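Novice: One letter stands for each residue in the lines below.
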Amino acid sequence: EPEVTQTPSHQVTQMGQEVILRCVPISNHLYFYWYRQILGQKVEFLVSFYNNEISEKSEIFDDQFSVERPDGSNFTLKIRSTKLEDSAMYFCASMNLGQGSSPLHFGNGTRLTVT
Amino acid sequence: GNSVTQMEGPVTLSEEAFLTINCTYTATGYPSLFWYVQYPGEGLQLLLKATKADDKGSNKGFEATYRKETTSFHLEKGSVQVSDSAVYFCALRTNQAGTALIFGKGTTLSVSS
Chain A
1 EPEVTQTPSH
11 QVTQMGQEVI
21 LRCVPISNHL
31 YFYWYRQILG
41 QKVEFLVSFY
51 NNEISEKSEI
61 FDDQFSVERP
71 DGSNFTLKIR
81 STKLEDSAMY
91 FCASMNLGQG
101 SSPLHFGNGT
111 RLTVT
Chain B
116 GNSVTQMEGP
126 VTLSEEAFLT
136 INCTYTATGY
146 PSLFWYVQYP
156 GEGLQLLLKA
166 TKADDKGSNK
176 GFEATYRKET
186 TSFHLEKGSV
196 QVSDSAVYFC
206 ALRTNQAGTA
216 LIFGKGTTLS
226 VSS
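Protein chains in written order, with the working numbering: chain A, 1 to 115; chain B, 116 to 228.
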């Protein structure tokens, strides 16, 4: 079964550095998402992306964050200047159709540790 | 706004016990409802879903029924196994195209033999 893949599985960075988290969504999917999960807390929506543009974003997704689909397969999340509170698991997800009943398919996540 | 409320965990059970994890929601219109499971060290996997009132989603012995009158989608399993130990997330999506999933806080289930 096709799956969403994320790299790296674990990223350690120093405060103030830029990080790029990478995702390869399922190939025929059209909608892409980033979520984060701070340790022991709820899974929070960051941003959704469709037709090469952001379709929805949360208040967490401020100017420090950006997303890009640089080619036909990758979907990236960039954090420009990391803060300690950005430490979390970041999950990428994709979906083939926009219908409400369509489930999101998640990757295994990237654990970001900011020191 | 739209939201999901789950019972607080952790839930600790012995093998073969009956499981209920409560989930209620607030949403405009008629959302689709989902349960996702996160096993230790892994990502989120879809467990089951229901898309309209009175639908029952089921998978791997787990069931949940979409109850519009009580705005609930409680997860149940008749006999849990140690391998069911995980975090369970209730979630909803409205029927606007491409909208994001909204998750509850998650309920940790621990099953001992």
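Hints listed in this document are in silico derivations from the structure and should not be mistaken for laboratory results.
The model shown is predicted, which means the values in this text are computed figures rather than measured ones.
The reader is advised that the hints may include incorrect statements.
Keeping only pairs whose Cα atoms sit at most 27 Å apart, straight-line, the calculated DSS-like set for lysine-lysine is [what the hints assert, rightly or not]:
#1 B/Lys192 / A/Lys57
#2 A/Lys57 / B/Lys175
#3 A/Lys42 / B/Lys171
#4 A/Lys83 / B/Lys220
#5 A/Lys83 / A/Lys42
#6 A/Lys57 / A/Lys78
#7 B/Lys167 / B/Lys220
#8 B/Lys220 / A/Lys57
#9 B/Lys183 / A/Lys83
#10 A/Lys78 / A/Lys42
#11 A/Lys42 / A/Lys57
#12 B/Lys192 / B/Lys175
#13 B/Lys167 / A/Lys42
#14 A/Lys78 / B/Lys220
#15 A/Lys57 / A/Lys83
#16 B/Lys183 / B/Lys220
#17 B/Lys220 / B/Lys171
#18 A/Lys83 / B/Lys175
Distance ranges between label pairs, derived from CB positions [as the list claims (entries may be wrong)]:
#19 B/Thr185 / A/Gln17: 32 to 42 Å
#20 A/Thr5 / B/Thr127: 32 to 42 Å
#21 A/Thr5 / B/Ser129: 17 to 27 Å
#22 B/Ser129 / A/Gln17: 45 to 55 Å
Glycine included, every Cβ here is placed at the ideal spot set by N, Cα and C.
Novice: With reference to the structure, classify each hint as holding or not holding.
Specialist: Checked hints:
At most 27 Å may separate the alpha-carbon atoms for a hinted pair to count; B/Lys192 and A/Lys57 exceed this at roughly 35 Å. Distance restraint check for A/Lys57 and B/Lys175: the Cα-Cα separation of roughly 34 Å exceeds the 27 Å cut-off, and the hinted pair is therefore not satisfied. As the CA atoms of A/Lys42 and B/Lys171 are separated by approximately 25 Å, the hinted pair is consistent with the 27 Å bound. Annotation: proposed proximity of A/Lys83 to B/Lys220 holds, straight-line Cα distance about 23 Å (limit 27 Å).
Distance restraint check for A/Lys83 and A/Lys42: the Cα-Cα separation of roughly 19 Å lies within the 27 Å cut-off, and the hinted pair is therefore satisfied. Taking the CA atoms of A/Lys57 and A/Lys78, the gap is near 14 Å; set against the 27 Å cutoff, the hint holds. For the hint linking B/Lys167 to B/Lys220, the alpha-carbon distance of about 23 Å falls within 27 Å, and the restraint holds. Only pairs whose Cα atoms come within 27 Å are accepted, and B/Lys220 paired with A/Lys57 is accepted, the gap being roughly 19 Å.
For the hint pairing B/Lys183 with A/Lys83, the CA-to-CA distance comes to about 42 Å; that exceeds 27 Å, so the pair is violated. Restraint check for A/Lys78 and A/Lys42: the C-alpha separation of about 21 Å stays at or below 27 Å, so the hint holds. Under the criterion of a C-alpha separation no larger than 27 Å, the hint pairing A/Lys42 with A/Lys57 is consistent with the structure, at around 17 Å. For the given pair, B/Lys192 sits about 9 Å from B/Lys175 by alpha-carbon distance, which is consistent with the 27 Å threshold.
Between B/Lys167 and A/Lys42 the alpha-carbon distance is near 25 Å, which keeps this suggested pair within the 27 Å criterion. At most 27 Å may separate the alpha-carbon atoms for a hinted pair to count; A/Lys78 and B/Lys220 meet this at roughly 25 Å. Simply put, A/Lys57 and A/Lys83 have alpha-carbon atoms about 20 Å apart, close enough for the 27 Å limit, and the pair holds. Between the alpha carbons of B/Lys183 and B/Lys220 the distance comes to roughly 21 Å, so the proposed pair stays at or under 27 Å and holds.
Of the supplied pair hints, the one linking B/Lys220 and B/Lys171 holds, its CA atoms being roughly 22 Å apart against a limit of 27 Å. For the suggested pair A/Lys83 and B/Lys175, the alpha carbons sit about 40 Å apart, so the restraint of at most 27 Å is broken. Checking the proposed 32 to 42 Å range against B/Thr185 and A/Gln17 shows it is violated: the Cβ atoms sit about 48 Å from each other. Distance hint check: the CB atoms of A/Thr5 and B/Thr127 are about 34 Å apart, consistent with the given range 32 to 42 Å.
Hint check: A/Thr5 to B/Ser129, Cβ distance near 37 Å, so the stated range 17 to 27 Å is violated. Taken as a hint, the range 45 to 55 Å holds for the pair B/Ser129 and A/Gln17, whose Cβ atoms sit roughly 47 Å apart.
Going down the numbered hints, you'll see the structure goes against 1, 2, 9, 18, 19 and 21, while the others check out.
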